[in-house]
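> In case you want the letters, here they are:
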Amino acid sequence: MTTVATGLSQLDLLEAESIHVMREVAAEFERPALLFSGGKDSIVMLHLASKAFWPARIPFPLVHVDTGHNFDEVLAFRDRRVAELGARLVVARVQDDIDAGRVREVPGGLRNPLQTTTLLRAIEEGRYDAVFGGARRDEEKARAKERFFSFRDAFGQWDPKNQRPELWNLYNGRHARGEHIRVFPLSNWTELDVWRYIAREGIEVPAIYFAHEREVFERDGMLLGVTPHSLPREGETVSTRVVRYRTVGDASCTGAVSSPARTPAEVVEEVAVTRLTERGATRADDRASEAAMEDRKKEGYF
Amino acid sequence: MVDLLRFATAGSVDDGKSTLIGRLLYDSKSVFQDQLESVERTSADRGDDYTNLALLTDGLRAEREQGITIDVAYRYFSTPVRSFIVADTPGHVQYTRNMVTGASTADLALVLVDARKGVIEQTRRHAALSGLLRVPHVVLAVNKMDLVGFDQSVFDAIVKDFADLADEVGLTDVTAIPMAALPGDNVVHRSAAMPWYDGPALLEHLEQVHVERDHGETRPARFPVQYVIRPMSTERPDYRGYAGTVASGTLRVGDHVLVLPSGRRTTVAGIDTADGELQQAVARQAVTVRLAHELDVSRGDLLAAADAPPQTLSVLEATVCWMADTPLRPGAPVLVKHTTRTVKASVSALHDRLDVTTLARGPVDELGLNDIGRVSLRTASPLAVDPYAEDRTTGAFLIVDAVTGTTLGAGMID
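Protein chains in written order, with this note's numbering: chain A, 1 to 302; chain B, 1001 to 1414.
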């Protein structure tokens, strides 16, 4: 097929920018890795990576930091997609760090905060010098401060007051042994861009992103699905509702939203008019304090 | 079809930049309910008697404590006409480098002036930086008009002062808008308080400003090679493509190109993407190029239109914004990162420093943090460069500390 490029749309520009960033990393780093959770942002990253290096394979492994509190549909999707692409998947389990006594389960069962230890262990064991994350600046105010290339010291820490200036499309990935760079190719994408791109490219995502019937109960204004990792407490009533997920994280702290959207196009319509951010609507871990994300990122969270 | 505008804010501390961005987001209905509730809650907790919209962008703990912006925050919003990426940059002199960071990718700079104070040193600094970085469009936002009684003569005097400054620093397209960000006059909605002003509100202007020709589509082709793609698969045992992003101009199949710095000549045999072959690729497109001849081409090489190539130089004359605490002194060994090539270099001479208050240039021994000056750099191997005034990609470079790896400065080739 031969196409003649005319004007570039906003999605074309975002795609090109992300591909440029991925190629920079592949060219300049010894051991990059891509964080892949099976969520929509990392699925889009994987799609962009397969385009960036086409017709060659993606030249780095995928790493899944597995909290052990997954949605079954997402794990099945993850394994199928990895096999299709012929990519290499490394799974780092939070459970292993709990068993080894490196982290302790917190009351309430939230495992998201524990991920940082497992992520840093995976980076150290894999000797990764660059790690791609699907974080977007529109998600959260601390993430709005991120560079495309985010320097992390030997302890994986982010210092938001002392970031490298990042000019033009010149990215500085210099670091000493033991330090690494987090790379965020989707920095300039919004949730709506991601869904418009999924619709345009026909990218497959796990079914839980679309409307389905699920047993849910309400807690702190969020709809939590009934799973082995999120069970109703006394006084919380379970009902069957038509819901979908806007983010797919740890099942213990990720809420669903009431939604009839069954296709990417319907999700685009819904996201275009929503009055709630995806994190505000559905992520309990960001509600802990005004600076919950900043504090976790300083520790090494992505 | 360009429906994306990137703009950067610039202004002094307390000129109301974050408030203006907050107001822009709020009045264009781009603030989400949970974000607004969070800001309302925090404003109330702090005892503010109004909803402090600046808290929408000042997200770091330290920023909220001090009520200032420390680092660039990127914000995203859209209207039915256009999408916007906003780099909300700090006004504090100490964080000038972060303003440069935001402005380097901006189509437009929004320079804020407090109507009560007029053009001050920081305004001159921001105008000078916008000029140096060749930000194509500038909006002079004369803010806090409510605090000067919406007086037209105050606005006119500031516009006149800034026009003189704009000439001096080479700003070509300046639009001045009187506004009051806190109550929202002329931000999204035209103000009834200033009937003497008949121009657009800020958002209308941002929607209309014409940016197509700013991205070098009409310039000679430049294509820095980023990465060599060699699948070595059974289907494509001999495939060899050069991946990169078109920096400027248009690259077409059949074009004669030079491979720089070696100077060998070849033609474009094909332009590939994962979605199929293209006949041409334009500036900002990420593609993979196949060449007609088997040449030694690798990352760091530049493919350039054979009839209009850049200069290949190992001595660069450039203007540098210094961004490090350790001063720049002649003789210092550094690394220069230019397009996809990083080379050893040394600063062979420091010619002058720009005094941003007077805009005069004078001799100095060193450049300190946030200083701007002209230098000569000698590079260990030649670079294919264009003047920054002609090409914001092939004319720009970073200066990197060879030992610590930190970014020391930003350079623009004269």
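Worth flagging that the hints you see were computed from the coordinates, not collected in a lab.
It is possible that part of the hints are untrue.
[Unchecked claim] Simulated DEER-style distance windows between Cβ atoms:
no. : chain 1 : residue 1 : chain 2 : residue 2 : range
1   : B       : Lys1344   : A       : Val90     : 30 to 38 Å
2   : B       : Ala1380   : A       : Arg93     : 29 to 37 Å
3   : A       : Val90     : B       : Asp1238   : 50 to 58 Å
[As the list claims (entries may be wrong)] Calculated from the model, a selection of chain A residues having no Cβ within reach of chain B, i.e. all distances over 10 Å:
no. : residue
4   : His20
5   : Trp54
6   : Asp72
7   : Pro160
8   : Pro228
9   : Ser230
[Said to hold, decoys possible] Pulled a few chain B residues facing chain A out of the computed Cβ check, cut under 7 Å:
no. : residue
10  : Asp1003
11  : Ala1073
12  : Thr1101
13  : Ala1192
14  : Ala1396
Even for Gly, the Cβ is constructed at its ideal location relative to N, Cα and C.
> Failing hints, ascending?
Of the numbered hints given earlier, those the structure breaks are 2, 3, 4, 5, 7 and 13, listed in rising order.
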